[in-house]
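Chemist: Going down the list, the sequences are from chains A and B. Sequential numbering from 3 applies to the first sequence in the working numbering. Sequential numbering from 70 applies to the second sequence in the working numbering.
Read the hints as simulated data drawn from the structure, not as lab findings. Worth double-checking, as some hints may not be accurate.
Computed far set for chain A versus chain B, every beta-carbon distance over 12 Å [unchecked claim]: (1) Glu103; (2) Glu141; (3) Ser145; (4) Pro183; (5) Arg228; (6) His248.
Computed, partial: chain A to chain B, Cβ under 8 Å [said to hold, decoys possible]: (7) Met99; (8) Gly100; (9) Leu107; (10) Arg115; (11) Gly142.
These figures come from a predicted structure and were not determined experimentally. C-beta atoms are modelled at their ideal positions from N, C-alpha and C, and glycine is treated no differently.
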Amino acid sequence: MLDIKGVSKTFYPGTPNENPVLHSVDLHLNDGDFVTVIGGNGAGKSTLLNIISGAVLPDNGQVLIDSDDVTWLPEYRRARYLGRVFQDPMQGTAGDMGIDENLALAARRGQRRGLSWGIVRTERDQYKTLLQDLNLGLEGRLSTKVKLLSGGQRQALTLLMATLKQPRILLLDEHTAALDPKTGARVLDVTQALIEKYRLTTLMITHNMREAIRYGNRMIMMHEGRIILDIEGDDKQKLTVEDLLHQFERVSGTELDNDRMLLS
Amino acid sequence: MFWIIQSAISQGILWGIMALGVYITFRVLNFADLTVDGSFALGGALSAVLIRSGVHPLLAVLIAMIGGLAAGFCTGFLNTKLRIPGLLASILTQIALYSINLRIMGSPNLSLLRIDTLFTSLADIGFPERWVTMALALVFTAAVIALMYWFFGTEIGSAIRATGNNPMMIRALGVHTDTTTILGLVFGNGLVALSGGLIAQQQGYGDIGMGTGAIVIGLAAIIIGEVLFPQTNFMLRLTGVIVGAVVYRIVIALVLKMGLRSTDMKLFTAILVALALYLPTLRGHARQFSLRRRNGHA
Ligand SMILES: Nc1ncnc2c1ncn2[C@@H]1O[C@H](COP(=O)(O)OP(=O)(O)O)[C@@H](O)[C@H]1O
Ligand SMILES: [Mg+2]
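The whole structure should be built from the sequences, with the hints applied where relevant.
Modeler: In structure tokens form, the structure reads like this:
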């Protein structure tokens, strides 16, 4: 499914700002894996996702999706494999365009775009049904400009867009971090429902340990550009936050910075 | 007085096509494109030279438009492939076009006196030229608006709109934003040059300086249109740009009548646009001020 082999990345090499971010990272995902990713600030989590999506190119190593080597494929040409949701609710949608238009753009992800209509009537009916499932009252506001929606609504819409054309891999980068806890929980429920509905292979970065434990069948922890923990199945189900903190100290030899890694 | 207004309306509609081109780059693509001054004059130059050498006036206008498409491509290429910032890339094209336009025309000014243009050839059949000008302007504008309305509703057109709105998002959806940026600039400058080609024929000469300040006039038209037609659908917004260009022309005609010199117009327009661009900020200040007052701090 997804294979990351020996991927390294240093930003600003050969300058005073040289910043080694990933050190020969290996990661293999099986079909249907739902992997949560945790780690301190600057551990390289986002960079890893960006290398998968092509937003950042690695210095070394390989990225394979379905055994296609995509390492050097530009971002827009990998889009057909990937659904993405970012931390900033503004980032995943076009605010000046309607809900329906945004969905129509997403429905054509990775396809050749030509001179046929950008949205057709039958699509609107389909979108209405999908929005109804979200249960956010958006189904009656198809032509509303997305910039008028709340952050949570935008994020839920972005999720719908990312999964509309089922991606081979869904990449979520702290996509609830900018929302208030209640809305965040709501969006996570939507996330879980969509992943189950389409059985999506997923990588989800979160800074919330409980979320990382509760969701998914596997969890990896990153620290200073390396994957230092990889727990799955029963072991993961039995995990507690205290275990996790212990394990982290044992493997990394340092204390976890608790400022941003929320324990609650 | 009626004739002055009528002529201002016809001119406004023809200049409106240029403003629609600016609308594509400035509003749809969110790209401050100064190519416009050069591509407008390019359209005028091509159109004037071609009909002087006996090319059919309609064909001349179409070739003028193709020249504009190429100018837009240059700016797009400089920006997306050579990674030169948009504003600078478009200034480079604009400056280059000054030399090119002089080469095309051979002199800074080309008169079309006693040469058949689109406008005179119809007037020759017996229609009054004033009404021919207006009718032709309306036909071209209607065609351009229909074309834009259709194109920005297509898959490619939607992708261009999304590129102007959120390039990161549309890349994640598989669109090569270099291509959509170039396409938007090509389309926009094609319309600008089409307008220049028509204006040259209508005013009866091509001039190296005819595009100077065109971008600002385009912005003025867009802003006036937005003030008159706030928050409407795409079709009305496009129509609003044309109305904006017409209102602008009428205001200019009246100001000239009041005694200002035509060479003062650029200053007048610059002040107008500066004020219009300040408007959103001013509204913000006003809101803050009234809030402070209500809380008793003013
Ligand atoms: N595009 C980029 N250009 C330069 N430096 C970057 C870029 N992306 C991330 N970094 C740097 O790489 C380091 C790791 O960042 P990141 O992968 O975002 O960490 P995390 O998501 O785990 O918090 C940080 O020091 C960050 O400043
Ligand atoms: Mg991050």
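Chemist: Hint by hint, say whether it matches the structure.
Modeler: Each hint, compared with the structure:
1. At roughly 6 Å from the closest C-beta of chain B, the C-beta of Glu103/A falls inside 12 Å, breaking its exclusion from the interface.
2. Interface exclusion of Glu141/A from chain B stands, the closest Cβ pair being 21 Å apart, more than 12 Å.
3. Its beta-carbon lying about 10 Å from the closest one in chain B, Ser145/A breaks the requirement of being farther than 12 Å from that chain.
4. Interface exclusion of Pro183/A from chain B stands, the closest Cβ pair being 26 Å apart, more than 12 Å.
5. Distance check on Arg228/A: its Cβ is at least 27 Å (rounded) from any Cβ of chain B, clearing the 12 Å threshold; non-interface status holds.
6. With 12 Å as the threshold on Cβ separation, the claim that His248/A sits away from chain B holds: the shortest Cβ distance comes to roughly 38 Å.
7. A least Cβ separation of about 6 Å between Met99/A and chain B falls short of the 8 Å threshold, and the interface hint therefore holds.
8. Interface hint at Gly100/A: violated, since its Cβ lies 10 Å from the closest Cβ of chain B, which is beyond the 8 Å cut-off.
9. With a least beta-carbon distance of about 6 Å to chain B, the hint placing Leu107/A at the interface is held under the 8 Å criterion.
10. Taking 8 Å as the C-beta cut-off, the interface hint given for Arg115/A holds, the closest approach to chain B being about 4 Å.
11. Taking 8 Å as the C-beta cut-off, the interface hint given for Gly142/A is violated, the closest approach to chain B being about 19 Å.
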